[in-house]
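2 protein chains.
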Amino acid sequence: MQVDTSKRLILYARDEFGGGHSKTAEGVIRFGKSPIVAVVDRQHAGKTAKEVCGAGENIPIVATIEEAAKLGGEAMLLGCAFVGGRMPEAWRQDILKALDLKMDVINGLHDFLVEDEEFLASAKRNGKQLIDLRKPPDNMPIANGRARALDAMTVLAVGSDISIGKMTLAIELDRLATRRGYKSGFVATGQTGIMIAGSGVPLDRVIGDFMAGVIEELVLEAAPGLDMLFVEGQGSVYHPGYSGVTMSLVHGAAPEVMIMCHKAGRDSTEGKGEFPLPDLNEMIRMYEQIAGIVRPAKVVGVCINTSKLSESEARKVVDQAAQLTGLPATDPVRFGADNLMDALEVVFKSRKTTAVQAK
Amino acid sequence: MQVDTSKRLILYARDEFGGGHSKTAEGVIRFGKSPIVAVVDRQHAGKTAKEVCGAGENIPIVATIEEAAKLGGEAMLLGCAFVGGRMPEAWRQDILKALDLKMDVINGLHDFLVEDEEFLASAKRNGKQLIDLRKPPDNMPIANGRARALDAMTVLAVGSDISIGKMTLAIELDRLATRRGYKSGFVATGQTGIMIAGSGVPLDRVIGDFMAGVIEELVLEAAPGLDMLFVEGQGSVYHPGYSGVTMSLVHGAAPEVMIMCHKAGRDSTEGKGEFPLPDLNEMIRMYEQIAGIVRPAKVVGVCINTSKLSESEARKVVDQAAQLTGLPATDPVRFGADNLMDALEVVFKSRKTTAVQAK
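Chains as they are written, first to last, in the numbering used here: chain A, -19 to 339; chain B, -19 to 339.
If you are wondering where the hints come from, they were derived from the structure by calculation, not from laboratory data.
Zero decoy hints are in this set.
Part of the chain B face toward chain A, derived, beta carbon under 10 Å: (1) Pro121; (2) Ala192; (3) Gly215; (4) Tyr218; (5) His231; (6) Gly232.
Sample of chain B residues lacking proximity to chain A, with all beta carbon distances greater than 10 Å (derived): (7) Asp(-5); (8) Pro15; (9) Gly26; (10) Glu31; (11) Arg72; (12) Asp96; (13) Leu130; (14) Arg155; (15) Ser179; (16) Val297; (17) Gln300; (18) Lys332.
Note that the Cβ used here is the ideal one computed from N, Cα and C, for glycine as well.
With the hints as extra help, turn the sequences into a complete structure.
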């Protein structure tokens, strides 16, 4: 999946911007290359993006698609995702409106725009594109551990739950590695990551048998010439709805090292508390065991999402995580990820030494 | 997915019957309800099914589809599956021939017949059906552990690898439970199982996000009124190509007990030996840990596929497995599964006692 990141975007968030469902919109604001001219959200109209989500500076929030189009939007990104990725019926009129206002529509949901006759007809009539980010790749191989022996050091963010910052961490680490002079890359495995990176594979849309295979392929394509490769995490083995996707990602990417991601205060997976989470050390052991089936991989750091906490509470929670696990811990959004990058550098340098000695 | 099991079948195995790829054909011969009039295989033409695969009694093997059609075939089942489930191009002419001979064609591969214009046109012209067993269900929910609290005791066969007899075991146990007077059911999760049971879900064809959800749904639908429910296993957490499917199945079905399946002599997963298997006890621990995320579930027995061994070697290997694990072990095809059913009955009766005491 390839996306043209040069087009001016409007981010459609309806009444969801800044809430738990707008992570695609927020991810693109924080990390995307695309220029953004407006966010569409009726509840927050009149404010700026920064006032609502803490990023995006002066990007205006407007109430209607018409206003956003006037600001120069060339493509409308559907910037929310719900459990299971289905499309709310209420969006239909707004999508048709965007097409009539001569904008492409970019969609990250499981329901494809191109499979809808009304959308198709409108796009054709208006000469505009429908881009479904979750369209799976055509080439679908079976995984076979081919990503186990790369020159690049593959790093995968794994997590206690969904929506806790695995993608954010991978992007931050990729940037940090580049700043420290490494040849670094980011591999997107979900619709937001693809929108940000401009390419990738929507793993959760791939058929079961081929999930690990497409990730393996993606990693093999991205790795040549790189020192470090950061793979966007997905789901959690602790969430029964998504554990299969996570398993495939761990086995397809065959990471050399992992970072454990968790959200402060979340003691069960998203939902009604049906699935209590064990402590950090047990989760780390579980991921190391599972990953070890394909390739021995250690968790070398912990990432805690402290977005709901005050600065001092956040510091405390991060320190506790470090103490409990004996690993460097941080909230990368709040405190940066330098300590995690330090830990990754240690691994990277030790393997280089080993390689030199072996010669 | 529903299949009419009253139609007379011919089993298309081309040159593969009795080999490693014909497990669909053999499964239907061993366990299916459908009447079978012939197997089509050029290499074994002239023999009977029993001579080649040890089951099926006098079902004749013929060289051509024409001969099979003359024996009264109403539908042709594509009876082989290859890694990844893609269709060999050489089958095309034979499928068209079957349609011209007025037979439906039933297909368990990932490549769908109904998506092929030539097949579609021929089926329409001949007034025959194309049945793709791997067509996923329309209703695709996200799993949420709803199968954790059923009155029926759910039993899942898990395994060290693919193609080692997980389905066979589940079907044998279902029959045995019925013979012992229990209300028992079998839930099919793969194309062969669906062909045998007449319904089920092709799990490996379902999109990642919904795999566990469709299994949960299937189990919830099948369980009411039953004492025991046997769920067809899929893949293995030790095979990187299929571990995600297996994970979803374990978390979606949320079994109460598991049986560990292994093939004698297989010390690495199918392929070139890239993925060595740990010993039985370690594999059992791994499955118990993974299952435990959703629902605590013990492995209560071991199933060893000894098809490659002599009778005395088989006995020895089964005994060793029992000794190593401290659990009842058997090869159900060779020695029956009474000892596994005994172990399941112990669990079933103890939970009944507990339930009565609780009242």
